[in-house]
Amino acid sequence: MRVMRAFRILIVVKWLQGLRVLLQTVMIAFKSMIWTSMIVAILLYIFGVMFTQGTFDYCAGRGGCDPDYDFQLLRRFGRIESSLLSLFQTMTSGISWDLLVIQLKKLPVMYTVIFITYVGVSYFAILNVVTGIFVETTLQVANCDREALIQEELRAREKYVKQVQSIFREMDDDKDDVITIEEFKKAMKDKRILAYFNALQLDFTDIMTLFVLLDRDQNGSINLDEFLRGCMRLKGEAKSLDLAKLQYEVEWVMHNLSFLLDQVGNLNGSIGQQQGRVKTDSWTLAVRGSDSHKEHRDADKADQSGHEVKARRTLPGFKKLSLAGDSMPSEGAERDSREHGSAKHGSPRHVSQVRLANMVPGEYTFKPQGE
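Residue numbers (UniProt numbering): 1 to 371.
Note that these hints are calculated values from the structure, not bench results.
Be aware that a few hints might be false.
Unchecked claim - Below, in silico cross-link-like pairs of lysine to any residue (SDA-like), each with a Cα-Cα straight-line distance of 20 Å or less:
{"hint": "1", "residue 1": "LYS235", "residue 2": "VAL161"}
{"hint": "2", "residue 1": "LYS105", "residue 2": "ARG79"}
{"hint": "3", "residue 1": "LYS235", "residue 2": "ILE150"}
{"hint": "4", "residue 1": "LYS105", "residue 2": "THR117"}
{"hint": "5", "residue 1": "LYS162", "residue 2": "ASP176"}
{"hint": "6", "residue 1": "LYS235", "residue 2": "ALA187"}
{"hint": "7", "residue 1": "LYS235", "residue 2": "LEU154"}
{"hint": "8", "residue 1": "LYS189", "residue 2": "GLN165"}
{"hint": "9", "residue 1": "LYS106", "residue 2": "ARG62"}
{"hint": "10", "residue 1": "LYS189", "residue 2": "ILE167"}
{"hint": "11", "residue 1": "LYS185", "residue 2": "LEU213"}
{"hint": "12", "residue 1": "LYS185", "residue 2": "LEU234"}
{"hint": "13", "residue 1": "LYS189", "residue 2": "ASP174"}
{"hint": "14", "residue 1": "LYS105", "residue 2": "GLY64"}
{"hint": "15", "residue 1": "LYS191", "residue 2": "SER166"}
{"hint": "16", "residue 1": "LYS191", "residue 2": "MET208"}
{"hint": "17", "residue 1": "LYS175", "residue 2": "GLN163"}
{"hint": "18", "residue 1": "LYS235", "residue 2": "MET188"}
What the hints assert, rightly or not - Pair ranges (Cβ atoms, derived):
{"hint": "19", "residue 1": "ASN266", "residue 2": "TYR160", "range": "49 to 59 Å"}
{"hint": "20", "residue 1": "GLY94", "residue 2": "ARG192", "range": "45 to 55 Å"}
{"hint": "21", "residue 1": "ARG233", "residue 2": "TYR123", "range": "46 to 56 Å"}
{"hint": "22", "residue 1": "ARG233", "residue 2": "GLY94", "range": "51 to 61 Å"}
{"hint": "23", "residue 1": "ARG75", "residue 2": "LEU127", "range": "17 to 27 Å"}
{"hint": "24", "residue 1": "TYR45", "residue 2": "TYR123", "range": "15 to 25 Å"}
{"hint": "25", "residue 1": "TYR123", "residue 2": "LYS159", "range": "33 to 43 Å"}
{"hint": "26", "residue 1": "VAL129", "residue 2": "VAL101", "range": "16 to 26 Å"}
{"hint": "27", "residue 1": "LYS105", "residue 2": "LYS159", "range": "54 to 64 Å"}
{"hint": "28", "residue 1": "LYS191", "residue 2": "ILE150", "range": "35 to 45 Å"}
{"hint": "29", "residue 1": "LEU23", "residue 2": "LEU213", "range": "40 to 50 Å"}
{"hint": "30", "residue 1": "LEU261", "residue 2": "ASP177", "range": "38 to 48 Å"}
Even glycine gets a Cβ: it sits at the ideal position worked out from N, Cα and C.
Please model the entire structure based on the sequences and the hints provided.
Quick look at the structure:
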């Protein structure tokens, strides 16, 4: 429980971030260190056996070793354990390797070359590999540490905001907390301010375009909030998120534009249908009027036929009723009709033309049967 509390303290306390990263690095690099230690142990054993065997051969060739003259050689390479310790001390700078070279000069020159080869391999290969493993693991831990990333991002953001505020105050000549277009143009001619912008990953070339982008409310001036937001938005190069956001906005605009075009097309279709309906109604009214006029004409013809029959019945001395015109019947026609009516009772009167009332407009001529 106490160990868990200690780990919680390491996570919460901000100024212990380095210790937390180091402990996590050691824990993650532990597996890699196991394999690295095995490689180092194999390397030490191979070279240790070689130097120990060379020392035995040296003593055997001389018929034995002189304890006074060969004391250091026997102390460093007389046994396999002492050889491994001497080689490990050489690798970790626990002992100066030139001292061992002096002792190995008593052996054949081949052992001196082998020892120098061992020093080069251990320094430039093994130790660099171990160091690289720790560095890589540390970077991975630092990148994966969410708490460390959040705190680092907040610190970087706070520092960036302070730098942008400093630039804003330098660009604001009249100290009214806004930057006009004249002040902006003047500031962008200052190489020191341009260098400051470049240091903040703000590369500006078109001054007017930059001013329009920063002036979000389009009032002709830039306040501190607009300047901060604009610089944060324009910082660095376009990222994948920015491109994805731009693509989404373009697709959204195209979708809405397509929808509007469909709506306009439907509206044009509705207007066309309404116009066609109006034309159809007008045509229907015209046809109905024509049919009504035709019905009236048919009715008038029927009335004409009725009057003709009536005239034949009333005027038996006449044979035929013929159409002579389209004028309306007059009072004279009525008088002629009355005269023919008197002719029915035996009055031999010659009637050349009769206009019948209440008939279809026209002139009708009755001819006697004798003609």
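Here is what the structure says about each hint:
As the CA atoms of LYS235 and VAL161 are separated by approximately 12 Å, the hinted pair is consistent with the 20 Å bound. At roughly 18 Å between alpha-carbon atoms, LYS105 and ARG79 fall within 20 Å of each other, so this suggested pair holds. A distance of roughly 19 Å separates the Cα atoms of LYS235 and ILE150; the hinted pair therefore holds under the 20 Å criterion. As the CA atoms of LYS105 and THR117 are separated by approximately 15 Å, the hinted pair is consistent with the 20 Å bound.
Between LYS162 and ASP176, the direct Cα distance comes to roughly 19 Å. Compliance with the 20 Å bound is thereby established for this hinted pair. Annotation: proposed proximity of LYS235 to ALA187 holds, straight-line Cα distance about 19 Å (limit 20 Å). With a C-alpha separation of about 16 Å, the suggested pair LYS235 and LEU154 falls inside the 20 Å cut-off, and the hint holds. Between LYS189 and GLN165, the direct Cα distance comes to roughly 19 Å. Compliance with the 20 Å bound is thereby established for this hinted pair.
Between LYS106 and ARG62 the alpha-carbon distance is near 11 Å, which keeps this suggested pair within the 20 Å criterion. Distance hint between LYS189 and ILE167 is fulfilled; the C-alpha atoms sit about 14 Å from each other, no more than 20 Å. Only pairs whose Cα atoms come within 20 Å are accepted, and LYS185 paired with LEU213 is accepted, the gap being roughly 14 Å. About 18 Å separates the Cα atoms of LYS185 and LEU234, which keeps this hinted pair within 20 Å; it holds.
The hinted pair formed by LYS189 and ASP174 meets the criterion: a straight-line CA distance of about 17 Å does not exceed 20 Å. For the suggested pair LYS105 and GLY64, the alpha carbons sit about 17 Å apart, so the restraint of at most 20 Å is met. For the proposed pair LYS191 and SER166, the alpha carbon gap of about 16 Å is at most 20 Å, so the pair holds. The suggested pairing of LYS191 with MET208 holds, with an alpha-carbon distance near 18 Å, which does not exceed 20 Å.
A C-alpha spacing of about 17 Å is found between LYS175 and GLN163, which places the hinted pair at or below 20 Å, so the restraint holds. Between the alpha carbons of LYS235 and MET188 the distance comes to roughly 17 Å, so the proposed pair stays at or under 20 Å and holds. Judged by the Cβ atoms, the range 49 to 59 Å given for ASN266 and TYR160 holds: they are separated by roughly 51 Å. Between GLY94 and ARG192 the beta carbons are some 53 Å apart, a value that agrees with the proposed interval 45 to 55 Å.
Judged by the Cβ atoms, the range 46 to 56 Å given for ARG233 and TYR123 holds: they are separated by roughly 50 Å. Between ARG233 and GLY94 the beta carbon distance is about 56 Å. The supplied range of 51 to 61 Å therefore holds. A hinted range of 17 to 27 Å holds for the C-beta pair ARG75 and LEU127, which are about 25 Å apart. Under the hint 15 to 25 Å, the C-beta atoms of TYR45 and TYR123, about 18 Å apart, fit the expected range.
As the Cβ distance of TYR123 to LYS159 is approximately 40 Å, the hint placing it in 33 to 43 Å holds. The hint said 16 to 26 Å for the Cβ distance between VAL129 and VAL101, and at roughly 25 Å that hint holds. The hint said 54 to 64 Å for the Cβ distance between LYS105 and LYS159, and at roughly 59 Å that hint holds. As the Cβ distance of LYS191 to ILE150 is approximately 36 Å, the hint placing it in 35 to 45 Å holds.
Separated by about 46 Å at the C-beta atoms, LEU23 and LEU213 satisfy the suggested range of 40 to 50 Å. A hinted range of 38 to 48 Å holds for the C-beta pair LEU261 and ASP177, which are about 46 Å apart.
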